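Model the full structure from these sequences, guided by the hints.
Number of protein chains: 2
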Amino acid sequence: MLDNIRIVLVSPLYGGNIGSVCRAMANMGLSDLGIAAPRRNDMNEARMMACHATEILEGRTEYPDLAAAVADCGMVIGTTARLGLYRQHVKSAREMASAALTASDNQKVALVFGREDNGLSNEELALCTQLIRIPTTNEYESINMSQAVLICCYELFVATDIYEPPIEKCEIATSEFRERMFEIWKETLFEIGFMKDDKAEHMMLGLRRLLSRGSLSVDDVKIMMGIARQSLWAATQKDKK
Amino acid sequence: MLDNIRIVLVSPLYGGNIGSVCRAMANMGLSDLGIAAPRRNDMNEARMMACHATEILEGRTEYPDLAAAVADCGMVIGTTARLGLYRQHVKSAREMASAALTASDNQKVALVFGREDNGLSNEELALCTQLIRIPTTNEYESINMSQAVLICCYELFVATDIYEPPIEKCEIATSEFRERMFEIWKETLFEIGFMKDDKAEHMMLGLRRLLSRGSLSVDDVKIMMGIARQSLWAATQKDKK
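Chain order of the listed sequences is V and G. Counting from 1, one number per residue, gives the positions in the first sequence under this note's numbering. Counting from 1001, one number per residue, gives the positions in the second sequence under this note's numbering.
Please keep in mind that the hints were generated in silico from the structure rather than gathered at the bench. Each hint should be verified, as a subset may be incorrect.
As the list claims (entries may be wrong) - According to the in silico footprint, chain G covers these stretches of chain V (three or more CB under 8 angstroms from chain G): (1) 26-34; (2) 50-63; (3) 131-143; (4) 148-156.
Computed from a prediction, not measured in an experiment: that's the story for all the values here. Yeah, the Cβ is synthetic: ideal placement off N, Cα and C, and Gly gets one too.
Below, the structure written as structure tokens:
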């Protein structure tokens, strides 16, 4: 689903960042990495940070410049931290994600990240059909390049709806089952002398409130019933002694 | 708004990760960093990766263990990559963000991240009131610790609605203004001999389609009118010569 989306880094400074980008891409299901106008990077550092995503690192394509790296793409999305002239019409990473995903149905899409120190030049921005900006506080806007890539890849991956959150396999207790539990607790709390007639209603309402703050599963109710029953049994045994 | 939310790292292995966490926190408006059961980390590496977020790094609080680090917190959110026993009831980072933000109105909230190699122990998980998991592909689930922190902080920051995307200050052209532009283009395209009577309607519809794919601003229309007018003028000059 994300096969038509290419991550393009323009002249990245640090091998470690390239590696972190590979790992972030692998986490989020992207695999097409292009480096435009590459420098001599520390590839040992890159491999270290790529961790188990070295396949993406070794499979990267190097291009002489950005124009070549996006030549076969329809949509070209640039990322910018600055907001000067030509950089006003930015969208957020989240808005971009669904647009990019839709576009990728029938075209290659490039997501372009500039140099760590200098971003994208105006000539490079001109190649972009749209611009995005990662939301940050005004106090510290400069986001690490690989972190910016991660957020974009994360938004793309979430937008695909590929990820299915694990569903807690638990049956929710019915009202009837919960009421049986409260009955046993009531009996127990009388028996162990925790409550007397005049305070019983008030106390039981407190217990109900406490146990109704989240939904109770069948297993939860069984645990609470078990405690009450055992407590009742222990108290009765004591009486017998 | 995010002042009541603490990021807690449990025994982080790498100074560089601690530094990256500080930068991510600063980008996203968080400032309370706790380290539970700290090791001896390479703080030079931490400072390097923190970049301009050294204030958060220097201001961190160290705690003997996780219990101490979250002692004053109401909601304690653990992060986990694994999905074993006790780890089924996980929410996504996005679901967590709004819940954490609401809770932080009247309580301290901790977001807890485990060791790079081993995550959180069962004893540590027991301290958590809820668990989250960052969405990743099944192929490569192991996300870098500082990247996991970034995604959580990013989701929190986006959930605050503090960030106002820059609004493109442009007036959208009205239909009347656009029609004047098309009139001038029509005249020009006849004059320069680009279209003849029999193809004119077809060509003008093509031009309309092309210029209506996105909304046109007043400035856009002025540029397009200017080109047509100048072209008309140049063609007429040539005729005169």
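Outcome, coverage of the region 26-34 of chain V by chain G - at least 3 residues whose beta-carbon is closer than 8 angstroms to one in that chain: holds (count 4)
Mind taking a look at whether chain G covers the region 50-63 of chain V? Criterion is 3 or more residues with CB to CB distance under 8 angstroms. Contact hint for the region 50-63 of chain V vs chain G: holds, 3 residues under 8 angstroms.
With a Cβ-Cβ cutoff of 8 angstroms, does the region 131-143 of chain V contain at least three residues near chain G? Since 10 is at least three, the answer is holds.
Annotated coverage of the region 148-156 of chain V by chain G, confirmed only when three residues or more have a Cβ within 8 angstroms: Per the Cβ count (3), the hint holds.
In summary, the structure agrees with every hint in the numbered list given earlier.
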